[in-house]
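**Student:** Just need the whole structure built from these sequences, with the hints factored in.
Here is how the chains run, residue by residue.
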Amino acid sequence: MRLSYYPGCSLTGTAREYDHSVREVARLVGIELSEIPDWNCCGASSAHMTDHELAIRLSARNLLLAQPEGRDVLVPCAACFQRLRRADLALKKDPKRWGVSDYRPSFKIVHVTPLLSRPDFLLKIREQVTRRLSGLRVACYYGCLSLRPPAVTGAVRYEDPRGLDLITEALGAEPVSWSHKTECCSGSLTMARPDIARALVSDIAKAAGRAGAQALVVDCPMCHANLESRQSDDSPLPVFFATELINLAVTGKSTRKQWRQHLVDPRHLLGSVGF
Amino acid sequence: MSEAISPKQSSAHLPAALKQAGLDVEACYQCGRCSAGCPVSACFDLLPMQVVRLCVYGQEDLLQRSQTIWLCAACETCTTRCPNGIDIAGVMDLLRRRVLAQKLKPGQPRVAAFHKSFLRSVRRWGRTYEAGMLGAYKLRTGDFFGDLKLGLAMLSRGKLRMLPRRIRRRREVKKIFKQKGKIE
Ligand code: SF4
Ligand code: SF4
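Same order as they appear, the protein sequences are chains B and C.
Just so you know, we're using the working numbering here: the first sequence kicks off at 1 and counts up by one.
Just so you know, we're using the working numbering here: the second sequence kicks off at 276 and counts up by one.
Simulated from the structure, these hints should not be mistaken for lab results.
Think of the CB as a built atom: it goes at the ideal place given N, C-alpha and C, for glycine as much as any other residue.
The reader is advised that the hints may include incorrect statements.
Listed next, with one range per pair, are the computed distances between beta-carbon atoms [stated by the list, open to error]: (1) Pro-358(C) with Ser-101(B): 33 to 43 Å; (2) Pro-150(B) with Glu-301(C): 48 to 58 Å; (3) Ser-101(B) with Ala-291(C): 26 to 36 Å; (4) Ser-202(B) with Gln-284(C): 18 to 28 Å; (5) Arg-446(C) with Leu-123(B): 45 to 55 Å; (6) Arg-157(B) with Tyr-304(C): 33 to 43 Å; (7) Pro-358(C) with Arg-132(B): 11 to 21 Å; (8) Ala-279(C) with Ser-202(B): 49 to 59 Å; (9) Arg-97(B) with Leu-430(C): 38 to 48 Å; (10) Ser-179(B) with Asn-359(C): 22 to 32 Å.
**Tutor:** So this is what it looks like as structure tokens:
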């Protein structure tokens, strides 16, 4: 399978570990990724929050760049995913309004989790696990923009999603049932109002703790950065990208270098479950 | 908010703009689902359902002075849950846009400054340049010490790149910024 790839800005900066792990997992399950040439920032979230036109046009440029290849576009960032889907809908509805003469794409925009939690990919992942993550209790946190609004994202179980739970289960970890799977962490406010972000993140981390989770698992770079940086300093929960855990279970190794970019060091926790 | 939400003070400007943007708010029956699910409503001065009601009446002055439209995190919970298909998050976007277009003072200047710094960076490089954007944001707000520790932790982990990553055809992105038509 070949897919176009839109990493988005975060994956070239604050979330490079996500980019690495997505590319690694794609290789493991036999997906070839070709990065969209000269892609630009989709504008999330500042563009649409202050200027609808700009938001659609910034995202649209990327879609037009992906059009010649004609392959489904894999987007690991939930915010970019939602913005590209929106621009896709807007262009399909009325291309002329956006100065595009014709837009009939043969491709879809896909997020990482719905793709990897497909039965065929889950099977491939399960087959390659060399060391199960037994005893690791995780709270799968989906956040907002890979799910909402469903008319844009195409998500089916948008109030009680399962994708990350299925993936972590396939790795031998124990996803807990908990209350804050889809509560917003206020990533878009985290710079200007860290106080609000701290309050929301603390609610989420406490809910995960109440359910017995030892770590959070996410599929969005904004959520990752916000959950890591806005937890309280006293015993914060490590936050993993789902793709990092897949690599961990497949390679069976946890190295210092692997977690270098994490603000909450997960090595103690991983040590306690035998890594 | 001391002023009442009342149909006596209605004006047609905002409803017309909403209509033009394809945002239909008329079906709201004040059930409160949008507000019950909103993660930030505890910090709001107007609940999402009040925002919708004010839109129906066209009481834009109250909305334009509110903190709510700037504290909304754009999580889309309200839009997802409204039984009448009202795109409340889209309404918030439109309200912010109109405050900026009319050059009014945003209820939360720091939030507005953040968006501005972010978009400046995208206009210039075609992509987000975190270090540059943070610098511009700090200059704009005078918030020099907030998150200092976090910034250092991110630097030492290679999360904050000191050099921008630019795209090749930056001119195309600049054109997008210049060309964009006006909708209001
Ligand atoms: S959920 Fe919809 S109908 Fe209910 S109060 Fe909010 S906007 Fe009105
Ligand atoms: S989009 Fe804004 S108003 Fe709606 S639920 Fe989220 S934070 Fe609240």
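**Student:** Verify the CB-CB distance for Arg-97(B) and Leu-430(C) against the hinted window 38 to 48 Å.
**Tutor:** Cβ of Arg-97(B) to Cβ of Leu-430(C): about 43 Å, so the range 38 to 48 Å holds.
**Student:** Given the hint of 11 to 21 Å, is the C-beta distance from Pro-358(C) to Arg-132(B) inside that range or not?
**Tutor:** Cβ of Pro-358(C) to Cβ of Arg-132(B): about 43 Å, so the range 11 to 21 Å is violated.
**Student:** Please test the hint of 48 to 58 Å on the beta carbon pair from Pro-150(B) and Glu-301(C).
**Tutor:** violated (23 Å)
**Student:** Does the beta carbon distance between Arg-446(C) and Leu-123(B) stay inside 45 to 55 Å, or does it fall outside?
**Tutor:** About 47 Å separates the Cβ atoms of Arg-446(C) and Leu-123(B), which means 45 to 55 Å holds.
**Student:** Confirm or reject the claim that Ser-202(B) and Gln-284(C) have a C-beta distance inside 18 to 28 Å.
**Tutor:** For Gln-284(C) against Ser-202(B), whose Cβ atoms are near 39 Å apart, the range 18 to 28 Å is violated.
**Student:** Using the C-beta atoms of Ala-279(C) and Ser-202(B), is the stated range 49 to 59 Å upheld?
**Tutor:** Given about 35 Å between the Cβ atoms, the range is violated.
**Student:** How does the Cβ-Cβ distance of Pro-358(C) and Ser-101(B) compare with 33 to 43 Å: does it lie in that range?
**Tutor:** Holds - the Cβ-Cβ distance for Pro-358(C) and Ser-101(B), about 39 Å, lies within 33 to 43 Å.
**Student:** Taking 33 to 43 Å as the hint, is the beta-carbon distance of Arg-157(B) and Tyr-304(C) inside that range?
**Tutor:** violated (27 Å)
**Student:** Would you say the C-beta atoms of Ser-101(B) and Ala-291(C) sit inside 26 to 36 Å of each other?
**Tutor:** The hinted range 26 to 36 Å holds for Ser-101(B) and Ala-291(C), with Cβ atoms some 31 Å apart.
**Student:** A range of 22 to 32 Å was offered for this pair. Does it hold for the Cβ distance of Ser-179(B) and Asn-359(C)?
**Tutor:** holds (26 Å)
In this structure, the hints that do not hold are numbers 2, 4, 6, 7, 8, in rising order.
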